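Protein sequences, first through last, are from chains U, C and D.
Residue 1 is where the first sequence starts when you use this note's numbering, and the numbers rise one by one after that.
Residue 1 is where the second sequence starts when you use this note's numbering, and the numbers rise one by one after that.
Residue 1 is where the third sequence starts when you use this note's numbering, and the numbers rise one by one after that.
Hints in this document: simulated from the structure, not taken from any laboratory.
Nothing here was measured: the structure is a model prediction, and the numbers come from that model.
Be aware that one or more of the hints could be misleading.
Stated by the list, open to error - Capping the alpha-carbon separation at 25 Å, the derived lysine to aspartate or glutamate pairs in DMTMM-like fashion look like this:
#1 U:K49 to C:E11
#2 D:K115 to U:D216
#3 C:K14 to U:D36
#4 D:K203 to U:E51
#5 U:K48 to C:D121
#6 D:K297 to C:D121
#7 D:K203 to U:E75
What the hints assert, rightly or not - Simulated restraints, written as ranges between beta carbons of each label pair:
#8 C:R308 to U:L204: 26 to 36 Å
#9 U:S136 to D:F71: 36 to 46 Å
#10 D:S263 to C:E83: 39 to 49 Å
Stated by the list, open to error - Chain D side only, calculated, beta carbon under 8 Å to chain U, not exhaustive:
#11 A114
#12 S128
#13 N129
#14 A185
#15 Q199
#16 A208
#17 A241
#18 R242
All C-beta atoms in this analysis are idealised placements derived from N, C-alpha and C, irrespective of residue type, glycine included.
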Amino acid sequence: MDTKVTQLDKQETLATNGNDRPSVYKVNDLNLWYGDDHALKDINLDIKKNEVTAIIGPSGCGKSTFIKTLNRMVELVPSVRTNGEILYHDRNIFDKDYQVEELRTSVGMVFQQPNPFPKSIYDNIAYGPRVHGVTSKKVLDEIIERSLRGAAIWDEVKDRLNENAYGLSGGQQQRLCIARTLAIEPDVILMDEPTSALDPISTLKVEELVQELKTDYSIIIVTHNMQQAARVSDKTAFFLNGEVVEYDQTDRIFSNPSDKRTEDYISGRFG
Amino acid sequence: MNSQTNGSVRELIKKNRQKKHSVKNVMERIMPIVLFMCAFVSVVTTIGIILTLVLETEHFFEKVPFSQFFGSTNWYPLNSQPEYGIWPLVVGTLEITVIAMLVAVPIGLTSAIYLSEYASDKMRRILKPILEILAGVPTIVFGFFALTYVTPFLEKLIPGLAIYNALSPGIVVGIMIIPMIASISEDAMSSVPKKIRDGALALGSTRLEVATKVVVPAALSGIIASIVLGISRAIGETMIVTIAGGSNPTAAIDPLEPVQTMTAYIVQVALGDAGYGTVEYYSIYAVGTLLFVFTLAMNLLANWITRRFREEY
Amino acid sequence: MALPEKQPVDKKFIDPAAVKQSISKRLVVNRFTKSIFLMGLLFGLVVLAVLITGVLRDGIGYLSLDFLQNFPSRRPERAGIYPALMGSIWLMVMIIPMIFLIGVGSAIYLEEYAKKGRMTSFIEVNISNLAGVPSIVFGLLGLTFFVRNMSLGSTLISGALTLGLMSLPVVIVSSQEAIRAVPQAMRHASLALGASKWQTTYKVVLPASLPGIITGIILSVSRAIGETAPLIMVGAAIFIARAPSGFFSEFTALPIQIYNWTSRPQEEFQYLASAGIIVLMVILIAMNSVAIWIRNKYSKRY
């Protein structure tokens, strides 16, 4: 226990020393249970603005649970319980008066499987703004073009905006989902293994997109693909059995990890 | 692209959120209650049915002793000395039910086995909708069918068959139930996994052996449930027996003679001129209560069978 | 098959010759029973064919525009089904909004809002049992509650409320299935965009499940329209010479009119009944076709 805490302190120092960007998320002593299953244990992380933060770890390590906690989607699981705090721009998202809808409007999410609505491409993108009261056709048209361009899919779909989104390929669907998230202009984008259902070429496109997006957004991406983490992220957190083993600059994690378990994992010895 | 809205959507949304806060919150709070009230309508319906039956039946038993209702074998509501012994109606109902099940069970099950074990996809696509159409035929049409087609046909085979009899409506009630037994049983059989079938076939079983020794035993709970539900439907069926069964409450069992079922009696009174508040009027609630109890018992039994013996693959 | 040489045994448990012999017998039995099973299945088809051809043969001669526009009459050649047809259409128009609102509301509550618990499972068990209650018992409920206690009389509104309550369980169950078929990912996508629960339900779940819901409603309404017994109980008139003019009109309906004709001894009225059945069946088949068309058009979209 003691050794772990000191280790974490050290990592945090290292991570914060890396740059002096402002934080978007400060996670303090976060614990989470599914019923009796202790899924996240004493998580402490400081996530910076306009960076790509990758979360890696073997299946079942809690990385997906963690990212879903950041926009409180995890609460859809009935038996879930949390303690500790997650400060989003210095405000605890678990506060009683913090509405989840407000949080999720600023924190977008892209899921493992592309999940467009069974509506037209246009209506998919317009869904978020409409839900939040944007009704002007002119404004919507503009949002849609900008979001689709932002997700690098505009040229592929601009002539068939009124067609059903399920006519698109898997990779296109996923970029459409990213565009849908961009349409509400979030501040943070959470990506939960966004390329796990995609072919290599689509994966590459999404990865390039992530790089472009980071100038305007803070991105947190869960991936079980270590090359992907190395390619796209500025910082990487390694999760194991619900704990953060190591959190540091990505190049340091991959070149010179300070924890033996991290080294084992990235060199493919387990997971 | 870089017009006035650029970068302001976030602001726009924020403003809208503040503006629409109240309306949205009201919906968020009101809808669960409204929806719950919708769901509660069905509970209220059940309460209404039970209340109706119990209260009005109570009036009946204020005038007719319990012992007569369950003890007597005479149902003479129209006599100057009326007698209300339920047995003739129960016997009539059971007679129809037994005949119906004798038709529906073998035909329903063989249809189900054929659809699930032998039929090609193409055949299934043609035959299943036909069963669905049969299931959608209104009972009044079946009643008409029983009286004007089945009874004359049976008369040719069985001389001395009364115009109104138990046999013809019994057969037609059975026909009505075939699709139900067939489709529920077929669902149960189709959900037996292919790997189990393949296993039996690989041991050299014929299709028939797979069906009778593997699939049917595995799907037995669903099959039995379908039969129990069929019985419930036969007991509650009204128009076919009203039209073709006659109105002769008798405790004697003869399928060639007219009968009266519980349901047919209720219709007879409803169409007659029994005044509100008379014993005859209240008698339909007593009969209705018994009918409700019978069918409810059957439905609960079917539910229990499917839940208790659910197959885990 | 090298095994017996290594380990000589006196007797093999399975004798290939006997198996070979029995196989041909088993195959014959298999083929024989297969044709028996097929005959069972075809029985339903034959009945349907006899029913349809018989009704068409007897009734088609009486079917005309006049038949649709005339009032019932003692004289068969002048009799028509106008009031009954109108009564059935009125019933349909009244039942649909009722079962749509309450049925879909119940289904949404049970699938989206209800917490798993005693209350919810009580409601669900109650609904499934209600689905098995004979229609005539609903008729008794309608007679007591709507006709007498609420003093609505033997009017359209009493008939529609009775048939509506009768259809409700099936509508709820089929709507629940349609709602359950909407992938969880759709809800998550909407919630992650900051939509509220009701917004998600109303704007994502409901539109996606609507084809399934509508199919279920059409099928239930077509069942309700063919029902006779509950309408007899609430006192739908056997003989009426006026088309209904409003919710509180006395009324008759197609099945009632058919019943009326069926129960008359003269042969001509049997033909009228056949003609009435043709009209009723055409309406029902049309509704079912629409339902099947919707089901096929919108199935497998995810």
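Going down the list of hints, with the structure as the test:
no.	hint	verdict
1	U:K49 to C:E11	holds (19 Å)
2	D:K115 to U:D216	violated (40 Å)
3	C:K14 to U:D36	violated (38 Å)
4	D:K203 to U:E51	violated (34 Å)
5	U:K48 to C:D121	violated (58 Å)
6	D:K297 to C:D121	holds (19 Å)
7	D:K203 to U:E75	holds (21 Å)
8	C:R308 to U:L204: 26 to 36 Å	violated (54 Å)
9	U:S136 to D:F71: 36 to 46 Å	violated (57 Å)
10	D:S263 to C:E83: 39 to 49 Å	violated (27 Å)
11	A114	violated (12 Å)
12	S128	violated (24 Å)
13	N129	violated (27 Å)
14	A185	holds (4 Å)
15	Q199	holds (5 Å)
16	A208	holds (5 Å)
17	A241	violated (51 Å)
18	R242	violated (47 Å)
Against the hints set out earlier in the document, violations occur for numbers 2, 3, 4, 5, 8, 9, 10, 11, 12, 13, 17, 18.
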